[in-house]
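Q: Listed here are the chains, written in short residue letters.
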Amino acid sequence: MRDLFTGNFGIDPLTGQSILSEILFYLPNTLELVLFSFIILVIVGVAIGYVAGMHFSTIRDSIARVAYLVSWSTPMYLAAIVAILVFAHWIPIFPSGGMYSLSIPPPQPITGISLIDALIEFDMPFFLSGIQHLILPALALAFVNFGLISRAVRSSILNVRWSTYVKTARAKGLSEPEVRRRHILRNALIDATSLSAVIFGWVLTSTVVVEELFSWPGLGQFAYQSIYGNDYPALVPVVVVFTLGVIIANFVADVAYSLLDPRIVLGSQNVTVT
Amino acid sequence: MSQSLKFKDLVLSSRLSCLGLIIVVVSVIMAVAFSILGARVTPYNPFVLNLQESNLPPSLAHFFGTDFQGRDVFSRVIAALPIDLGLPIAIVLLSSILGIFLGMAAGYLGGVVDEVIMRITDLFLAFPTLIMVLAVAATLGSGIINAMLAFVFVWWPPYVRLVRGGVLEVVAEDFISISKALNSSFGYIILKGILPNVLPSVLTYATLDIGTALLEVSILGFLGIGIPPNTPELGVMVGSISYGLYTYPWQALFPAFVTMILVVGFSFLGEGAREASDVKVRPYILFKTRVFGKRQEKPIPATTAT
Numbered sequence: 329m330r331d332l333f334t335g336n337f338g339i340d341p342l343t344g345q346s347i348l349s350e351i352l353f354y355l356p357n358t359l360e361l362v363l364f365s366f367i368i369l370v371i372v373g374v375a376i377g378y379v380a381g382m383h384f385s386t387i388r389d390s391i392a393r394v395a396y397l398v399s400w401s402t403p404m405y406l407a408a409i410v411a412i413l414v415f416a417h418w419i420p421i422f423p424s425g426g427m428y429s430l431s432i433p434p435p436q437p438i439t440g441i442s443l444i445d446a447l448i449e450f451d452m453p454f455f456l457s458g459i460q461h462l463i464l465p466a467l468a469l470a471f472v473n474f475g476l477i478s479r480a481v482r483s484s485i486l487n488v489r490w491s492t493y494v495k496t497a498r499a500k501g502l503s504e505p506e507v508r509r510r511h512i513l514r515n516a517l518i519d520a521t522s523l524s525a526v527i528f529g530w531v532l533t534s535t536v537v538v539e540e541l542f543s544w545p546g547l548g549q550f551a552y553q554s555i556y557g558n559d560y561p562a563l564v565p566v567v568v569v570f571t572l573g574v575i576i577a578n579f580v581a582d583v584a585y586s587l588l589d590p591r592i593v594l595g596s597q598n599v600t601v602t
Numbered sequence: 004m005s006q007s008l009k010f011k012d013l014v015l016s017s018r019l020s021c022l023g024l025i026i027v028v029v030s031v032i033m034a035v036a037f038s039i040l041g042a043r044v045t046p047y048n049p050f051v052l053n054l055q056e057s058n059l060p061p062s063l064a065h066f067f068g069t070d071f072q073g074r075d076v077f078s079r080v081i082a083a084l085p086i087d088l089g090l091p092i093a094i095v096l097l098s099s100i101l102g103i104f105l106g107m108a109a110g111y112l113g114g115v116v117d118e119v120i121m122r123i124t125d126l127f128l129a130f131p132t133l134i135m136v137l138a139v140a141a142t143l144g145s146g147i148i149n150a151m152l153a154f155v156f157v158w159w160p161p162y163v164r165l166v167r168g169g170v171l172e173v174v175a176e177d178f179i180s181i182s183k184a185l186n187s188s189f190g191y192i193i194l195k196g197i198l199p200n201v202l203p204s205v206l207t208y209a210t211l212d213i214g215t216a217l218l219e220v221s222i223l224g225f226l227g228i229g230i231p232p233n234t235p236e237l238g239v240m241v242g243s244i245s246y247g248l249y250t251y252p253w254q255a256l257f258p259a260f261v262t263m264i265l266v267v268g269f270s271f272l273g274e275g276a277r278e279a280s281d282v283k284v285r286p287y288i289l290f291k292t293r294v295f296g297k298r299q300e301k302p303i304p305a306t307t308a309t
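Heads up: the protein sequence lines correspond to chains P and W, in order. Letter by letter, the first sequence follows residues 329 to 602 of this note's numbering. Letter by letter, the second sequence follows residues 4 to 309 of this note's numbering.
Some hints here could point you the wrong way.
[What the hints assert, rightly or not] Where chain W lies over chain P, by a calculated footprint (3+ residues, C-beta under 8 angstroms):
#1 390-400
#2 546-556
[As the list claims (entries may be wrong)] Chain W is faced by these chain P residues, among others (derived, beta-carbon under 10 angstroms):
#3 Val379
#4 Ser483
#5 Val564
[What the hints assert, rightly or not] Computed far set for chain P versus chain W, every beta-carbon distance over 10 angstroms:
#6 Gln345
#7 Pro403
#8 Leu406
#9 Leu413
#10 Phe415
#11 Gly529
Keep in mind the hints are simulated off the structure, nothing from the lab. For every residue, glycine included, the Cβ atom is placed at its ideal position computed from N, Cα and C.
Just need the whole structure built from these sequences, with the hints factored in.
A: See below:
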């Protein structure tokens with residue numbers, strides 16, 4: 329048990345290396361992929377949910393709803409396969425796998441996340457190659473996971489659109505964009521924030537499939553290989569790391585929640601949410 | 004009860020959920036037909052190898068082409084339906100029964116029971132589902148039943164939360180305390196008082212959840228963990244092609260698209276049901292269905308008190 333907290337996970341019987349060093353090697357790569365696609369999916373998801381909510385029961389709403397339902401019903405591997413087939417094989421503009429071209433030397437590790445390192449060191453060729461490799465897997469991940477956030481934004485907009493305090497805001501003489509931005513969208517973002525922790529967990533676990541298909545050297549692929557190879561000594565720490573990731577995401581979401589919503593005070597027991 | 008009739012009307016009032024219902028019903032009929040009649044309902048036998056016809060592209064003879072062992076992909080997709088629908092339904096059914104049982108106990112009995120059940124539930128909720136399923140399925144070994152057990156093992160916690168929340172709401176209602184004052188039996192309160200009020204939300208969630216379970220089942224098949232290779236299962240069919248993707252894309256694309264359509268069916272249906280049961284939006288739908296034809300401008304806002 330003490331080893332769990334000190335990070336002493338032992339030696340990986342398959343590779344003979346220390347499991348901690350392996351995880352530390354794979355984790356930044358996964359973080360790079362997950363964070364990038366998470367940013368994309370939050371922006372796209374909120375935008376689509378907002379359009380659907382503000383145009384409730386019109387053709388735009390229907391299109392947005394179909395879009396997010398389809399996104400959320402797409403199997404991870406279908407998104408990845410279609411991405412590879414279309415944008416790497418039929419129209420070869422993106423590479424089908426890997427993290428960067430092997431011909432370009434990687435930058436000195438500073439943060440561990442190679443794209444950020446390249447940016448810090450102004451290593452433009454590497455940065456561009458990294459982005460090029462990143463786009464397809466990140467888009468595939470984002471496409472599959474944005475649906476839930478759109479749905480949450482849409483339904484919270486529907487909740488507040490006709491509420492009395494939005495009417496009050498209009499009655500105060502606020503302009504329509506102002507009302508939408510400060511009262512309707514902000515409320516929707518609060519709901520989206522608490523959900524984004526869950527989605528972050530999903531994106532994190534979806535990497536098992538995406539990294540396998542895009543041969544992205546990350547934690548998901550490591551997890552898959554240790555499951556496939558019955559490598560339990562390596563699998564347990566990986567599950568721990570994934571769980572920690574989800575817990576940290578939840579924590580961040582809680583803090584962001586209290587920052588966004590003035591009604592919520594962290595640690596207070598009597599929260600009144602109307 | 005008129006309540007349930009209204010609910011059904013609301014589901015049917017949305018085009019999305021109608022489409023979902025059609026997809027679900029058609030696929031279930033096909034699955035049942037295949038599991039009763041076997042290979043007689045498919046154009047080719049999905050299990051017999053025919054190496055002379057391997058890797059054929061889609062044509063009129065083979066709608067979805069053939070796979071590397073010459074089996075008709077379309078027939079195999081139909082053969083996959085019983086597993087791909089049965090497994091998620093079984094998973095969701097078992098999880099929801101477990102959830103109703105534990106959630107009722109936690110919500111109604113309260114105290115130590117509540118505390119113990121909810122802490123265990125929270126513990127399970129913290130684990131990422133897919134990784135846990137993969138790990139448990141790999142530990143249990145290959146097999147459909149094992150895969151199902153692995154899923155149920157991680158699938159039940161949301162149901163406990165959902166049911167417990169519902170129970171807590173219902174228990175606070177007057178009719179329960181009146182029922183208690185009238186000396187109704189424990190079983191009567193549970194079965195007649197609480198269960199009917201909790202069940203709709205569980206049903207709505209479960210419909211959506213079948214889709215999610217289907218996705219994860221097929222991911223399990225795709226990764227080749229838990230579900231035995233060569234089983235007609237959509238994910239397994241997609242996964243078995245990793246080396247010929249560029250040359251024979253149809254072998255992966257068609258099963259994958261069928262998976263998507265199945266999940267879309269359940270999502271549309273569940274989403275329509277959820278929308279219909281949403282108190283905030285419900286007046287609007289009622290309004291729209293009553294005032295037929297011309298669309299009215301603003302909906303009647305629901306009372307915003309929570």
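Q: Would you mind marking each hint as holding or not holding in the structure?
A: Hint-by-hint comparison with the structure:
1. 390-400: holds (count 6)
2. 546-556: holds (count 4)
3. Val379: Because about 17 angstroms separates Val379 of chain P from the closest Cβ in chain W, which is outside the 10 angstroms limit, the hint is violated.
4. Ser483: 7 angstroms, holds
5. Val564: 9 angstroms, holds
6. Gln345: 21 angstroms, holds
7. Pro403: 5 angstroms, violated
8. Leu406: Given that some Cβ of chain W is not farther than 10 angstroms from that of Leu406 of chain P, nearest at about 4 angstroms, it is violated.
9. Leu413: Non-interface label fails for Leu413 of chain P: nearest chain W Cβ at 6 angstroms, not farther than 10 angstroms.
10. Phe415: 13 angstroms, holds
11. Gly529: Answer for Gly529 of chain P: violated, closest chain W Cβ roughly 5 angstroms.
Consistency with the previously given hints fails for numbers 3, 7, 8, 9, 11, ordered from lowest to highest.
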